[in-house]
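Chemist: The hints should help you fit chain B onto chain A, whose structure is shown.
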Amino acid sequence: MKQVPLEFEQPLAVLAQQIEAIKKQLASNPELDKDVQRLQEQYNNLEKSLYANLRPIDHREIARHQQRPYARDYFERWDSEWIEMHGDRKGADDPAMVCGMVNLGDYHVLGIGTQKGRSLREKQQCNFGMPQPEGYRKALRLFHHAEKFNMPVVTLIDTPGAYPGMHAEEHNQAEAIAVNLFELSGLTVPVVAVVTGEGGSGGALAIGLANRILMLEHSVYSVISPEGCASILWRSADKVSEACEAMKMTAREILELGVVDDVIEEPLGGAHHDFDLVAKKAKETICKHLDQLTKLSREEIRRDRQQKFRNIGAFVEA
Amino acid sequence: MDLKDWFDKRKKRRDDEKGKAPQPIEPSDDICALWTNCFQCRELLYTRDLRVNLHVCPKCQYHFRIGAIERIDQLADEDTFEESDANLTSSDPLKFSDTDNYPNRQREASRKSGLTEAIVTGTCKIKTYDAALGIMDFGHFGGSMGSVVGEKVTRITERAQRDKLPLIIVSSSGGARMQEGIFSLMQLAKTSSALKSFQDAGGLYISILAEPTFGGVTASFAMLGDIIIAEPGARIGFAGRRVIEQTIRQKLPADFQTAEYLLKHGQVDMVVERAKLADQLAKLIAFHKLPEKKTAVTTPDAVPARPKQPTKVS
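Each protein sequence line maps, in turn, to chains A and B. Per my numbering, the very first residue in the first sequence carries number 1; after that it's consecutive. Per my numbering, the very first residue in the second sequence carries number 1; after that it's consecutive.
Simulated from the structure, these hints should not be mistaken for laboratory data. Because the structure is a prediction, the values reported are computed rather than measured. Where is the CB? At the ideal position from N, CA and C, for every residue including glycine. Treat the hints with care, as some may be off.
[What the hints assert, rightly or not] Covered, in the sense of this in silico footprint (three residues per stretch, anywhere, with C-beta under 8 Å from a C-beta of chain B), are these stretches of chain A:
| no. | stretch |
| --- | --- |
| 1 | 110-124 |
| 2 | 141-151 |
| 3 | 217-225 |
| 4 | 272-279 |
[As the list claims (entries may be wrong)] Just the calculated beta-carbon pair ranges, DEER-fashion:
| no. | chain 1 | residue 1 | chain 2 | residue 2 | range |
| --- | --- | --- | --- | --- | --- |
| 5 | B | A286 | A | N103 | 35 to 43 Å |
| 6 | B | K112 | A | E84 | 47 to 55 Å |
| 7 | A | R235 | B | Q250 | 42 to 50 Å |
| 8 | A | H144 | B | P253 | 29 to 37 Å |
| 9 | B | T247 | A | G105 | 36 to 44 Å |
| 10 | A | I83 | B | Q61 | 51 to 59 Å |
| 11 | A | H86 | B | R42 | 48 to 56 Å |
| 12 | B | Q250 | A | K23 | 36 to 44 Å |
| 13 | A | G105 | B | D73 | 56 to 64 Å |
Chain A on its own, in the form it takes in the complex:
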């Protein structure tokens, strides 16, 4: 798959083009070999320094990359014969929420993930990864399924947020999210959530109230989109970069704040450079945490999750 470079990667793309151009002349002019090597070295150095000094907004750009692996890509790599489940049993099936039965290593898990869609048509069907209330209720149905059959739940989060639309409001988007939080907190099976791309606000948390929250290295998680934050607090659409910095939304920052439990490394340049590797690393990390959680009794699992969120907060008690 040909990589689509992001804006901050343009210098790299220019170098890569030059290397390609010289390589074409290589057959007729073997002396150019040294130039290629030199340029390649330059390329590698630039790449390393570029990725060592990413700004929060760059992380977000990678997290939103159009070629980023989505939920289906992970499920397929974990289990080529995973079985998809459809519908909320109340009148709709939201393609933005992908649900199914997945063999993850030794575990039979219920996989739930948001899906952004690849082609324009898919993207429209999935509302660019923004679930409708029906999507959350479909996930809710799987939580109950997991509880009944004592199976762990693994959720993959990559959504700008819950869909803001007239239909969504009329079908009580807020209640759909609230009930998911309510029910997730009461499950007695392990829940592991992985933020694979963007974790956008309540729409992300609705499948993210988990015993363990993991984040991919370049993924971001925030209470409001940086655009929304910039337009409300700075009253300017140009301050997105500042908003990204102020909100502390990158994986490493949130790990430091103690909200996230683990960060999963991505290949140089981001997850879209090597789907297989990222899926493998994610699987290893999820299984590591499931190994720990399945040692607990069912009641302990529930208490572990409730206690985790009970302790999150920063305040002063005079």
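Modeler: Structure of chain B alone, referenced to chain A:
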């Protein structure tokens, strides 16, 4: 000294005063405006009459926003409210700064509202019934939910569970507090989780939605009531009207996201006007209190032993 210096100096002096002592402004006749324009019907109302009428326009029944203290006065029996957790204040975990830093904004919010946080919690009696109460105040930081609001809601829920009290929360909020980033978001999880334990234990939770209730608050504790009551005309929703209009690029109906619209779409149990709210709450609490006789659990020992059938000996 040119004019610019003069303005700067004046601004500085005002900022200094701000930093010193945030004096809450007590609503009194000398300070408050004598007349208020109704937002809805534009009628000019005498402010004191308006207050006597519970801040409801006598002409068009428009329900004005009211602060937490005022709401407590309206709901709780006189002198029965005991505040809890008043000593919690926000820290600044992200060292957040936009055009102004977060601690300054908090001071400014406190100066305007006279409160330390966007919710006041405690216990009280409502028409003689004991209850745990949480009242949000939109006047403080847009009623936004940060760590303190999340913690206070959680604690009052735990208190209600421990003391077996009905829980009543009046929500009025713009959503989660951006300045506390991911911590704010996690308060949705924390409050919902506390309510799960409370409701599993059989606690009664009545959620009251006041103008306006949006975002993270709607998407957590506000929508989880066993009974959900909305105030007339209150705007309630997840996403704001403007965001939706921009997304779907069409005009929304005028009554979209109002309490009455939600009632029509099955999202709230009832719309209750302010004057009847306390009575309605008392009725609801009373209904869920079974008479003593019926609630008494019959243990096996308490069941009178069935007289033994005389066994016939043949």
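Chemist: Hint by hint, which ones does this structure get wrong, listed from lowest number up?
Modeler: Numbers 1, 2, 4, 5, 7 and 12, in rising order.
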